Amino acid sequence: MEQPAYNYAIVRSFVTWSIVWGLVAVLVGVFIAFQLVDPNLNVPPYLTYGRLRPLHTNAGIFGWAIGSFFATFLYMVQRLCRTPLWSDRLARFQLWFFNATIITAAVTLLLGFNTSKEYHELEWPVDIMVVILWVVFAVNIIMTIAKRREEQMYISLWFMLASIVGVAILYIVNGAEVPVSLFKSYSAYAGTNDANVEWWYGHNAVAMVLTAPPLAVFYYFLPKSTGVPIYSHRLSIIAFWSLIFMYLWTGAHHLLWTPVPDWVQTLAMAFSVMLIAPSWGSVFNGYLSMEGQWHQMRENYLVKFLILGITFYGLQTLQGPLQAIRSFSAFIHYTDWVPGHVHMGALGWVSLVLFAAIYYLVPRIYGRELYSIPLANLHFWLVLVGQLGYSVSMWIAGVQQAGMWHSLNPDGSLAYSFMETLIEMYPYWWARAISGVIYLVGIGVFIYNLLMTVRRGKPAGEAVQGV
Amino acid sequence: MWEKKPALFLLLATLTILVGTVVTMVLPFAWVNTDADRIASVKPYTPLQLAGRDIYIREGCNNCHTQTVRPLVAEVLRYGDYSKSGEFRYDRPFLWGSKRTGPDLARIGGKYPDAWHYQHLAAPTSMVPRSNMPAYAFLNQGTVDPAYTRRKMEVLGFPYRAAEISALQGKTEMDALVAYLQKLGSDIPWRQAARTVMVGELHNPYQGDSSVLSAGSALFEAHCSACHGKEMTGGIGPDIHDLDLPDADLYQLVFNGIPDGGMPGFSSLGTDRVWKIVNFVKYHKRH
Chain R
3 MEQPAYNYAI VRSFVTWSIV WGLVAVLVGV FIAFQLVDPN LNVPPYLTYG
53 RLRPLHTNAG IFGWAIGSFF ATFLYMVQRL CRTPLWSDRL ARFQLWFFNA
103 TIITAAVTLL LGFNTSKEYH ELEWPVDIMV VILWVVFAVN IIMTIAKRRE
153 EQMYISLWFM LASIVGVAIL YIVNGAEVPV SLFKSYSAYA GTNDANVEWW
203 YGHNAVAMVL TAPPLAVFYY FLPKSTGVPI YSHRLSIIAF WSLIFMYLWT
253 GAHHLLWTPV PDWVQTLAMA FSVMLIAPSW GSVFNGYLSM EGQWHQMREN
303 YLVKFLILGI TFYGLQTLQG PLQAIRSFSA FIHYTDWVPG HVHMGALGWV
353 SLVLFAAIYY LVPRIYGREL YSIPLANLHF WLVLVGQLGY SVSMWIAGVQ
403 QAGMWHSLNP DGSLAYSFME TLIEMYPYWW ARAISGVIYL VGIGVFIYNL
453 LMTVRRGKPA GEAVQGV
Chain E
242 MWEKKPALFL LLATLTILVG TVVTMVLPFA WVNTDADRIA SVKPYTPLQL
292 AGRDIYIREG CNNCHTQTVR PLVAEVLRYG DYSKSGEFRY DRPFLWGSKR
342 TGPDLARIGG KYPDAWHYQH LAAPTSMVPR SNMPAYAFLN QGTVDPAYTR
392 RKMEVLGFPY RAAEISALQG KTEMDALVAY LQKLGSDIPW RQAARTVMVG
442 ELHNPYQGDS SVLSAGSALF EAHCSACHGK EMTGGIGPDI HDLDLPDADL
492 YQLVFNGIPD GGMPGFSSLG TDRVWKIVNF VKYHKRH
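Residue numbers (the numbering used here), protein chains in the order written: chain R, 3 to 469; chain E, 242 to 528.
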């Protein structure tokens with residue numbers, strides 16, 4: 003069958019740049035992990051923890067995650083619609099504007115221009131760049147879908163479209179602010195309202211950037227990697243609609259016990275627990291798709307990344323609702339447990355699935371076989387050990403910290419001063435920093451393997467190029 | 242059929258997303274920051290405090306410090322009265338944070354004297370030896386721009402006097418940040434309410450007991466020496482090496498602090514540890 007002239011050049015570019023920004027995110031992450039054990043590593047004013055941490059999160063979310071979603075979406079939309087991109091020029095513009103936005107974001111954050119809102123730190127001119135970028139991307143995806151030659155829209159396209167709409171609403175509403183100068187603005191909302199809007203945004207950024215898009219990737223690349231279809235179309239329909247319905251109610255679980263109205267907190271708590279069902283709908287759909295195919299866990303490194311990825315998604319969506327319960331939140335919130343949770347999602351779920359997608363893509367978009375499967379396996383184990391080291395050390399740290407914060411003497415006084423609790427964290431913070439280094443080495447192996455594939459890989463056979 | 246019609250699908254997905262959005266995000270505006278949660282004594286920021294708040298934001302202090310005290314026993318003991326919605330109505334943006342690598346700052350205002358903050362911000366480990374907070378001495382070099390601050394006050398609609406703007410001339414960023422920290426959480430009179438009134442006669446349980454001196458010494462080192470000096474010869478706080486006060490008076494002073502004199506209270510340590518500190522301060526010289 004003759005193939006349409008798919009635009010793979012743009013996919014190659016986005017793969018490259020998302021990995022560059024991913025490397026930056028991990029490098030900065032490791033550096034700030036060491037700053038927490040030794041404050042002398044802070045280099046004021048530009049390289050202090052307070053300015054670098056937003057750079058770390060923004061490089062991770064906007065650079066690595068969104069960058070590689072651009073790569074995978076621009077690939078998937080062409081394949082699933084059996085048609086080339088609506089506009090190659092628009093896609094090229096999107097690439098350069100993406101890099102311009104990330105660079106502007108990095109520079110302005112280091113200069114101290116930030117709104118303080120978590121995961122939405124960028125000041126208003128950079129906000130506008132992000133909106134333009136998203137609109138350009140959305141137009142190209144929607145127009146490509148409109149002229150598709152495959153009537154049915156596959157699951158991955160639903161998640162893609164929901165994410166496009168969701169991010170647009172969230173980003174614009176939470177970004178409402180009144181400028182004072184080119185790089186300073188004040189939020190349009192005040193105090194408790196501002197907090198509630200911000201965490202409606204913050205938690206649903208997790209839904210629309212770090213859940214729906216990697217699910218789109220998972221639902222496409224798992225069947226492609228195993229060669230067998232998804233277990234149940236009906237289950238994916240139910241899971242999809244209930245997921246995007248329930249997520250939006252849960253933001254205030256970040257604000258339990260704060261002055262936000264109690265009923266908002268209670269709704270957030272209830273919906274967070276209910277959210278286990280649609281999340282696990284996708285997890286089970288993934289597992290059941292492996293029926294009769296489990297031997298591929300040994301033989302196919304792509305499957306290993308994907309199944310471990312969806313497993314971490316399953317664990318993440320159990321741990322998350324647990325933290326969203328008032329009594330457990332009272333204990334664990336504000337401790338180091340929380341970064342442990344977040345990094346299981348970021349390093350485990352999202353990144354493992356993206357690694358698999360990139361390993362699948364590179365031979366196809368470069369027409370070369372992967373340079374080394376053993377190196378891909380080494381990469382797998384390094385990032386897995388690094389991520390588990392990070393998360394497990396932080397969970398233990400968080401439980402100890404919470405226990406010490408809350409423990410009282412028989413006379414009702416506090417058992418520990420704040421500094422006594424902080425000092426106990428140093429060994430865990432060391433463990434976290436070292437785990438980060440292991441993860442970084444894993445990323446190094448990944449990049450080396452891809453570089454060697456592009457430069458020295460054997461020309462790929464029909465099997466790889468054709469599908 | 243929505244699987245075959247992208248426009249219909251987009252519409253349905255948007256509506257689905259908007260239900261939870263309207264209920265949990267839009268609806269609360271009807272209650273929050275209205276008369277329902279207004280607190281009359283809460284005032285907007287002065288120009289200097291606002292300039293300081295913007296430095297707090299610029300430096301990303303909210304990455305390590307929260308500003309909301311939850312209504313939990315240990316938390317109220319550690320930080321002070323729990324936070325009320327009405328206290329934040331002038332906060333644009335809010336700065337509640339999400340992680341306590343350092344302590345909560347919602348009630349830091351008035352806890353320490355200005356001098357404590359100046360020294361601590363410039364060199365945190367000089368006050369708190371094993372702190373992992375970065376040093377912010379460079380804030381002493383930056384200055385506050387009066388005209389720009391005036392513009393900010395106007396954008397936010399905060400009242401100000403011309404004299405307050407002209408007084409900003411020559412103020413450093415450090416001055417502004419300290420002014421901001423000193424306002425935090427002090428618009429409601431919670432300190433007076435939390436003060437313990439002692440009744441009856443106080444009796445030192447460790448009178449003449451030299452066995453607790455080493456425990457007292459460790460407590461003094463951890464909680465008092467940053468201000469009064471390791472040798473009690475003073476620093477930010479006064480010289481107390483030959484303090485002559487009755488045990489009971491010293492106990493009350495350490496327990497409740499001197500709110501107007503800038504000394505924090507140490508009631509959260511509990512009676513036993515406060516008596517050990519009293520014992521050490523009064524009787525260390527005899528050994």
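Quick caveat, the hints were computed from the structure, so don't treat them as lab data.
Hints should not be assumed to be uniformly reliable.
[To be verified] In silico DSS-like pairs for lysine-lysine, Cα to Cα no more than 30 Å straight-line:
(1) K340(E) / K245(E)
(2) K246(E) / K186(R)
(3) K149(R) / K424(E)
(4) K424(E) / K186(R)
(5) K246(E) / K149(R)
(6) K226(R) / K412(E)
(7) K340(E) / K186(R)
(8) K226(R) / K424(E)
(9) K149(R) / K226(R)
Because the structure is a prediction, the values reported are computed rather than measured.
Going down the list of hints, with the structure as the test:
Distance restraint check for K340(E) and K245(E): the Cα-Cα separation of roughly 45 Å exceeds the 30 Å cut-off, and the hinted pair is therefore not satisfied. Between K246(E) and K186(R), the direct Cα distance comes to roughly 43 Å. Violation of the 30 Å bound is thereby established for this hinted pair. Between K149(R) and K424(E) the CA atoms are separated by roughly 60 Å; this puts the pair beyond 30 Å, and the hint is violated. Of the pairs offered as hints, the one joining K424(E) and K186(R) holds, with about 22 Å between alpha carbons and a cut-off of 30 Å not exceeded.
At roughly 12 Å between alpha-carbon atoms, K246(E) and K149(R) fall within 30 Å of each other, so this suggested pair holds. A hinted pair counts as satisfied when its Cα atoms are at most 30 Å apart, and K226(R) with K412(E) does not qualify at roughly 64 Å. Distance check on the hinted pair: K340(E) and K186(R) sit about 24 Å apart at the alpha-carbon level, within 30 Å; holds. Under the criterion of a C-alpha separation no larger than 30 Å, the hint pairing K226(R) with K424(E) is inconsistent with the structure, at around 59 Å.
For the suggested pair K149(R) and K226(R), the alpha carbons sit about 24 Å apart, so the restraint of at most 30 Å is met.
Violation of the numbered hints given earlier is confined to hints 1, 2, 3, 6, 8; the remaining hints are satisfied by the structure.
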